[in-house]
Amino acid sequence: MNSLISYFRKHPLHILLLAIPLSVVSEIFHWRPIWIFVFSAIAVIPLASLIGESTEALAAYTGPKIGGLLNATLGNAAELIITIIAIRQGLLDLVKASITGSIIGNLLLVMGLSMLLGGLKNGIQSFDRQQSSNHAVMLVVVIVALIIPSFFSHSIGAEGSWGVELLSLGVAGVMIALYVVGLIYTLKVARSPIAVAGVELESEANRRWKPSRAISILALSTLGVVIMSEFLIGSVEEVVVSLGVSEFFLGVILIPLIGNIAEHLVSVTMAVRNNMDLSLEIAVSSSLQIALFVAPILVFISLLIGNPLTLIFNRFELLALGGGVVIAAMVAFDGESNWLEGAALLGVYIILGIGFFLLPTGG
Amino acid sequence: MNSLISYFRKHPLHILLLAIPLSVVSEIFHWRPIWIFVFSAIAVIPLASLIGESTEALAAYTGPKIGGLLNATLGNAAELIITIIAIRQGLLDLVKASITGSIIGNLLLVMGLSMLLGGLKNGIQSFDRQQSSNHAVMLVVVIVALIIPSFFSHSIGAEGSWGVELLSLGVAGVMIALYVVGLIYTLKVARSPIAVAGVELESEANRRWKPSRAISILALSTLGVVIMSEFLIGSVEEVVVSLGVSEFFLGVILIPLIGNIAEHLVSVTMAVRNNMDLSLEIAVSSSLQIALFVAPILVFISLLIGNPLTLIFNRFELLALGGGVVIAAMVAFDGESNWLEGAALLGVYIILGIGFFLLPTGG
Amino acid sequence: MNSLISYFRKHPLHILLLAIPLSVVSEIFHWRPIWIFVFSAIAVIPLASLIGESTEALAAYTGPKIGGLLNATLGNAAELIITIIAIRQGLLDLVKASITGSIIGNLLLVMGLSMLLGGLKNGIQSFDRQQSSNHAVMLVVVIVALIIPSFFSHSIGAEGSWGVELLSLGVAGVMIALYVVGLIYTLKVARSPIAVAGVELESEANRRWKPSRAISILALSTLGVVIMSEFLIGSVEEVVVSLGVSEFFLGVILIPLIGNIAEHLVSVTMAVRNNMDLSLEIAVSSSLQIALFVAPILVFISLLIGNPLTLIFNRFELLALGGGVVIAAMVAFDGESNWLEGAALLGVYIILGIGFFLLPTGG
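Chains as they are written, first to last, in full-length UniProt numbering: chain A, 1 to 363; chain B, 1 to 363; chain C, 1 to 363.
Extracted from the complex, chain A is given alone in its bound form:
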């Protein structure tokens, strides 16, 4: 018992693992869907964190280059699982909203919190302007590429027509090619924002995990995410109806938080420790991986599943993506941050949140 307490003291997030049995019980005994939703959502948080920790542990054995690749692919495992299950359920709007939400969550919420808390602790914080500018350029280019098809789709045909499907596949192909090129660049030439080497807080470091143990934990926590995501997604539609919130709000604000809280915490912690370079790099890198890897992979997988997902976003998502990337680029080019800027970024995130909250489902 004592050892359990000291374990949870070291790994406070893992206390949320207790939500797993509650989620299973609520599912079996058909509790009200809102409880299933809440318990399974909470349970995903520590499981996603465990996937990350076991990936780090494996990366520590494979060396930094392969480790970077492992991080770049497995780092988004939880998010991929949730969205694939949502695609199977036909919740395509939710999936697209959560792609948007993951990107603006990184660029507005995490960057804003990092700059606010980091600035309150450390005053004005500087970071390497050249490196952050490089990252910002990639970010802007990739987000522009991501939103182009949405402008063309309306004129090319209805959602689901072969023209729009072809456009989405073409863009997904270009994106994934750019992702591979980016990995090659990172491996052969220099660091790039596409694959960041693993970052560990000492409190989460599990270097003592042997590879076999790391692989077991990775497999178990992945299985856990799959089951919890089934429960979560299975209850979404009833939650939308009973709470009166829109599918967009769940997709843009809640779903992305669930899968990424652990990573977000690392980014904010780095800012508080005055390592603003690393904090920004994590946020930008996460956004790029969503756009260049997760989104196109989902397009291809959705085809196999038979519920084709297109990269056609609605105009609220376009506004959120466009506004988020412009703000993040400005911040990165500035080379300095303070808590007032952080508060302003959070203000934009809150205003977007109010908008998505008031938006009716199907809006």
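Mixed in with the good hints, there may be bad ones.
[What the hints assert, rightly or not] Computed spacing ranges between beta-carbons, pair by pair: (1) Gly123/B <-> Gly163/C: 37 to 45 Å; (2) Gly173/B <-> Ile5/A: 39 to 47 Å; (3) Asn274/A <-> Ile66/B: 28 to 36 Å; (4) Pro12/B <-> Val272/C: 55 to 63 Å; (5) Val226/A <-> Pro360/C: 37 to 45 Å; (6) Leu304/C <-> Leu120/B: 49 to 57 Å; (7) Arg315/B <-> Gly90/A: 32 to 40 Å; (8) Pro360/C <-> Glu237/A: 33 to 41 Å; (9) Arg9/B <-> Ile124/A: 42 to 50 Å; (10) Gly173/B <-> Gly244/A: 18 to 26 Å; (11) Glu238/B <-> Gly163/C: 20 to 28 Å; (12) Val226/B <-> Leu304/C: 36 to 44 Å; (13) Ile5/A <-> Val189/B: 36 to 44 Å.
Bear in mind the hints are in silico, worked out from the structure with no lab data behind them. Treat the numbers as computed from the prediction; the structure is a model and nothing was measured. C-beta: ideal position from N, C-alpha, C; glycine also.
Put chains B and C on the given structure of chain A with help from the hints.
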């Protein structure tokens, strides 16, 4: 008589005070509305300037911190009065256009004139890139926040529905919170673009005004702006019809100029004196105060008046705001200006002016 | 025969002159339009290059200032000729698409190729951040000015109404005024991105051309472009129908390439030789000349021809222009480039190309 001439030589703007009696006469004898409009518009210019001068004089006694607060709140008094009277008359389109116009007037017209005249006088002008970048970041973040609701409103409900009203109130609340946070930041931490310490040209300095005299002049000139604004707004609708110009053109181009010419002159004069840092700071700071203070205050006051104003702009205003802020941010990040850039900014302002001039009322 | 081979070895582009007789033959004997289109398109490439070379040769005699003016006006001769002939044929959509295409061709295709090939050869390439920022500011301001009328047009009246025509003429007037002001700035004050001094690759240098010979070659190649453009434009409509590609695709992707390949090659070659400053300057300068000189000149000439062209772009063109300029500005402000960024720019160009390819004519 001689002393009057030497007074007007020192304070050339004050000669426009002669328009006050003309405005009163034209109102009493029911001259054609265009004359009432012209005289009262001209009369507002020196009165707005006197509000500014008496605020400066008070600020000189209160010290820089309280003085900065005085400036930040009273500096927009003339504009607030005109727009509140317009709200009472139900001219909500005019009010929203004048919010837009104040922002692009600062970012395109004043910045453009400053860079053009400053550049012609001083050649290429440099300014502190770090400080102007900081300002630009705040500017971009705030303008993005300001335009978000406009994109959501159409899907949330008709203008005037509770959803849109709630969205506007929510945004106004976030804005005013950010404004208060910005004032705290300026008072406690470091200079920020939200509240600039008072700037005086020697020719306008009235440090000899005692506080009692400053308060009297402040009260009288405020009263004068109230009366002149009543005449001005009372004649607007007939002017729109008889001249054939749109309400948008008056709101975007003319109304903002009337209330801000004195401040604009200070900014341009600073550029000609090769103090480009201060010139830019005034223009950016004015824009931020309109977005973070004037606009939300108008939303709240309009509710009390019973003519609720929403922060939902039309797409021309969105284009003007978006284009203006992107250009201003680029200029600020550049760290250098020349008269060609100034001419280009004025070109964009003229093109926007042509567009608003040709736009039919209700367009 | 040997001298001819050694000539073509020195001037590989000129081998394409052989397409001229093929184009004439295909026109006379009424071959299928696709052949007329292909041969005349190929023939324009070396002719446009010869116009450039003879302009350079003349510029070498007139000195750098007049030479800069010659380059700024004659540098776009081929493009002007093609688009004027297209206007006479009433292909206004094609003309507007090719204005867009010339700008994004420079900002995405040429910059992307330059950064990709230059980066593969030279690693990370730096360039003068101050100069490229200055250029980027002008670019952003000018492109914002160019896209403003498109937002107003819908509300001002139908395409072809006097209001929209007036708006286009007003904007064209402001643009051309800004162009003249830019030339004055370049002549009197300092280098600016509006008129770049001529750039020659040694392999293309023809300094031995006497002025009389240069003028003869200029006249002959201009005449050649006129004839080839007649053939080219004459076959466009049938090619659109028979190939099933949209007029937009031809206008945005193909037509701009034909008239500018020689200049594009210079820009890419400069990047490979690690002169990134010059490479970027050529690309930005070309884009500015299209917006400030070619587009407004076409508006005025189209009025004389009686087929009035407006500066009202559709939303795909607006997206391409907006996205292209934001990306180019980011790159310019960055001060560094690498081949990953180059690949990303090409990715955006390809995605835009897919979009325009799938767009139905009239879309």
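Quiz item: For which of the previously enumerated hints does the structure constitute a violation, in increasing order of number?
Solution: 6, 12
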